[in-house]
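A.B. asks: This is what each chain is made of:
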Amino acid sequence: MRRYVAVRILSTLPVLVGISVLVFALVKAVPGDPASALLGPEATPQDVAMLRDALGLEKPLPMQYALWLKKALAADLGRSIQKRVPVTDLLFSRLRNTVMLTVTAMAFALALGLPAGVLAARRAGSALDRATMVVALFGNSMPVFWLGILLILVFSVHLGWFPTGGTASLREGPSFGNTLRHLILPSLALGLVTVGGLARLTRSAMLEIVGQDYIRTARAKGLSQYRTIWYHALKNAAVPIVTIVGAQFGFLLGGAVLTETVFGWTGIGLLIYEGIATRDLPVVLGGVLFVALAFVIVNLVTDLMYGYLDPRIRYG
Amino acid sequence: MARSLRVSQTRPEASGLSTENRLIRTLDRSITGRLRKSLLSDPFAMAALVFLVLIGVAALMAPQIAPHDPYEVNLMRRLSPIGTPGHLLGTDELGRDIASRLLWGGRISLPVAIIPTVVALVVGTAVGLASGYVGGSPDQVIMRVLDVVMAFPYILLAIGIAAVLGPGIFNAILAVTVIGIPVIARLMRSTVLSLREQEFVLAATASGATTSRILFRHILPNSVSILIVYGSLGAGAKVIASASLGFLGLGVEPPQADWGSMLAAGRVHLLVAPHAATVPGLLIFAFALAFNVLGEAFRDALDPRMPTS
Amino acid sequence: MDFYDCGDVLTRRQALHRFGLAAFGTLAAPLLTAGRDASVVLAGAPPTPGGTPVRGGTLALSLDGIPGANISPATSGVAEIVLGMHVYEGLVAPDPVTGAGVRPVLAESWQVSPDGRVYTFRLRRGVTFHDSTPFTAEAVELNFRRLRDPNSRFFFKIGEAVSNIVFRLTDRVEVADDYTVRYHMRERDPDFIYLLRRPQALFMSPTVIKQFTPDEAGKHPVGTGPFRLTEQQEGTRYTLERFSGYWDGAPYLERLVYRPGLDPTASVAALLAGELDLLTEASYDTIDRLKGRFVPFEWGPEFHWTVTLNTRHPFTRDVRVRQALNYALNREAWVQGIFKGFAKPARGPATTGYPAWNPGLRGYPYDPDRAKALLAAAGYESGVRVKAMIPTTGVPLAQEIGQSIQADLRKVGIDLRYDALEFNAYFSRFRQGLTEEHIFGVSWWASDFLAFLEQQLSQSRWPPNGVNRGWYHNAEADRLLTAGREESNDEKRKAIYQRAERIIVNDAPWLFTVYFRRIGLKSQKVQSIRSYASQTPDYSKTWLKR
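As given, the protein sequences belong to chains U, Y and S, one line each in that order. Using my numbering, you'd call the opening residue of the first sequence number 1 and step up by one each time. Using my numbering, you'd call the opening residue of the second sequence number 317 and step up by one each time. Using my numbering, you'd call the opening residue of the third sequence number 626 and step up by one each time.
Looking at chain U on its own, in the form it has when it is part of the complex:
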């Protein structure tokens, strides 16, 4: 097992390199180039060629990649072509926003999904069970950008309870309350589309555990239903739930692009998206690698938990 862990950790590096190659190839393969994006529709091919040269885009592709890789290994992710600032600066300034959004969204999802799943498990097979699951599925069935739009329409435009977007108010100074008000709608949108999965997972995990021998033993010993369900079962259900929550985190980090777009929430997802639009390769590389690193780490933890949970699964 320890050997497995070591191998997995070491093999993370090739994964990251693989990702960087994929991103590099993808961005280079998309028609259009950053010099063209910088100069805009008016410029002639001559102007674009001159700028390409100034930006070092005329070098052969493998060489461009090698140069980037060399600096990246020294933790220098280069400079944004479009904005002319170090990529690491951009990532850090956006990191806070992304983390806030992801954590709060997950909090919403857990707060709604866990109780729903437990409730459904307790009344497995009943109409309540069915109804809860269908409602949980609602969120999963909505494109997050559509849900976001609807939330803005209802809660911002019509009710005026929350701001329509952005990360901070223009007129007031920054404050905790200010940021919180801007945070609620986007994380609600993102959380609602995640809650279904969590609810379903909680439900099935709970059902499985409740059928297990040790639970029956506990009940036979005379523990009340409440204690049985909440104490023993939920504790044990926590493990697979945590596993999935971890996986969802990785998904949320990168998949929040659409939410960030709709709400103008300037996080890393939006940064990567802008980077693609302007073919700003260092930005896309830096952003994706960051997200990928988080995801890969989470995957590793997940896989390790599989091994821990089910000794029948062997690696070798």
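I should point out that these hints are in silico values taken from the structure, not numbers from a laboratory. Remember, predicted model here, so these are calculated numbers, not experimental data. What you were told as hints is all true, and nothing was included just to trick you.
List time: in silico SDA-like cross-link candidates among lysine to any residue, alpha-carbon distance up to 25 Å: (1) S:Lys782 x U:Asp76; (2) S:Lys969 x S:Asp994; (3) S:Lys969 x Y:Val588; (4) S:Lys844 x S:Glu856; (5) S:Lys916 x Y:Val588; (6) U:Lys28 x Y:Glu569; (7) S:Lys1117 x S:Ile818; (8) U:Lys28 x Y:Gly484.
Across the chosen pairs, the derived CB separations fall in these ranges: (9) S:Gly899 x U:Pro174: 18 to 24 Å; (10) Y:Val438 x U:Lys71: 39 to 45 Å; (11) S:Thr677 x U:Gly160: 29 to 35 Å; (12) S:Glu812 x U:Gly160: 56 to 62 Å; (13) U:Lys28 x S:Leu794: 31 to 37 Å.
Even for Gly, the Cβ is constructed at its ideal location relative to N, Cα and C.
Position chains Y and S relative to chain U; hints supplied.
C.D. replies: Structure of chains Y and S alone, referenced to chain U:
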């Protein structure tokens, strides 16, 4: 996930197993039987199935039943609201009938939801089975490759692929397929890993069965349930993924309609004429919901202990 | 497209979303019908309507895209340019009402030598930069060398490519004395003065240029403009504050605050919720719907929604076909249906803002029968299937107009399909010139300088040297365009270009569509927005009514 698969539901010859595995459904062992039973007893699932069939039929018959030409532009009647005479669901930003465009759009959106699901299932299963069964370094290499694809934020991967290939149905299908493969592959792989050590497989190996026989007669059939469930749930996700592509301008070329592009085009006018975005959005939602509900019902029928996420 | 006097780039935000342009309602209708009558007053432009200006207040605005930290004249991101135009100034600027033409800013006056190759500017005295550096000829020369002199130690290489569009023909800048500079041109360029309105020709403080490396200088935006950039929270908020030492009088507003990254729908929602005071653009439908609560205002020059026909394509090679296509377009329906009345049908390549505007020139009326007859004469009686290219994002109303063209052409038997490309990919391709695949490509251009026709339609401007992307050439027109360049008498020049335009309209190298301006929406309390340039309005005289 794989750990909760129950083996003996489908193969009588596996009945000589540990008690833990001997949860045999009493009424009907076949998968189709259980599915049918669950559908009949679950009104939501039934409604979902009926809805999907209706949409499918309506889309197929779009040329016959669409009230208007979906491409007919009428600039004087842009963004007419729901209930305008002659346009039950209103018109879009160019005055085209939304209802007709939705029907015709189904001919694009439906394949873009279903084809990637099927292809991802097939390819993912093949990759996952092979990788899990063979094990060793090939397994590790494949898993790392899958890691690379999975670690890439899915929407950006889809954007990247679609941006490279350009807009169009086939490219959208390809983009959506690629992002669906790793999940299935990983799932199948862990299924294989789990089953590989089970007694019935060991027994089969001991009695001289070949690899392919083991895979096809023993392991694969026990995975069918999971595939059905994930497939139907995945279809819902792919509907949304393709709508997202359309939303980002990478769907089909104009003036063709697919639901995601209609949603995108209507969004600009959301505060002025909400129906232009809300109606296609509702349809996408209903469609994805139907798949999700069905998938959930299948899961319940085939094994309520199968965790899904 | 050509936002000729400001910003030649649409990136990021426009690349991310389409922007709908807005129409203006009854307020601007008189402006439209009056053509270029300079006496027509745009409501809200000069300070008189609304009362006496009040000092103080904050204007909350939306920024399209997210700027980087590098805000210098030779930057090319849209968001950076918007911020930069409040901070920096140049020698000249457009007229504040029409958004076209030239008026003195940091230059008090200028003269052109008889051979058209030396521009002498007398600089305004008493102007200082935000950091108290005085504005003198040294500043002009240093800024020029920063962008154009590879031997200068302040040379900003990227700025060279970005500023090509302005200084392509400029050889050097000579300092005659502290307040006199001369631009020496390699070739005669009678419209050079218009180019000096662009962002690349604005001036940074020479102190900043000397103090920092070329890449770093942009992080210290110091100009002579009415506002100073005082706060940049990346991705969150950008604040500009009043520069009290501004040469034209300190602005009434105390500050401008920009929120970046909002997409069009969210911007409208923010306006409705009171979080923003104005939008610099909104869809025509939105404007139409909201024009009770909010006030539409137009700004920037007039543009032509340009459809460049491919004169090398077998179909559109034939002039009869090109004329037929022009007859087939129902421009009035577009103006009413899409632009809600906020546009004018086009009759030739140049808009009403063109200095040589010819009121008597007739274009192509809507006549589908005539179109069909011409097509039949050209051999396309039984219809034809063709392809064109169009961007999915970035060009305003591309989808609406593109599909309207499709619908109109369908009625005369032409089955038009589109290759729809994302903005960046689209212009990378279109730049090279149209290939035999497509019968047209689209863009939009402003035409408020005389050499516009030459820029667009001369054979000498075929790619890669220019923007004549449809490969149009006509020997007689070319002769006239060259003669126009050489002619120093303004009236004679105009006459020459009018003759050329007649030939061009007859040749129909474009589909002539509509003329339109940028339209925004403002809350009732915002007064006196000026037209500074095409990327942003000018708020130096704006004030808020209590």
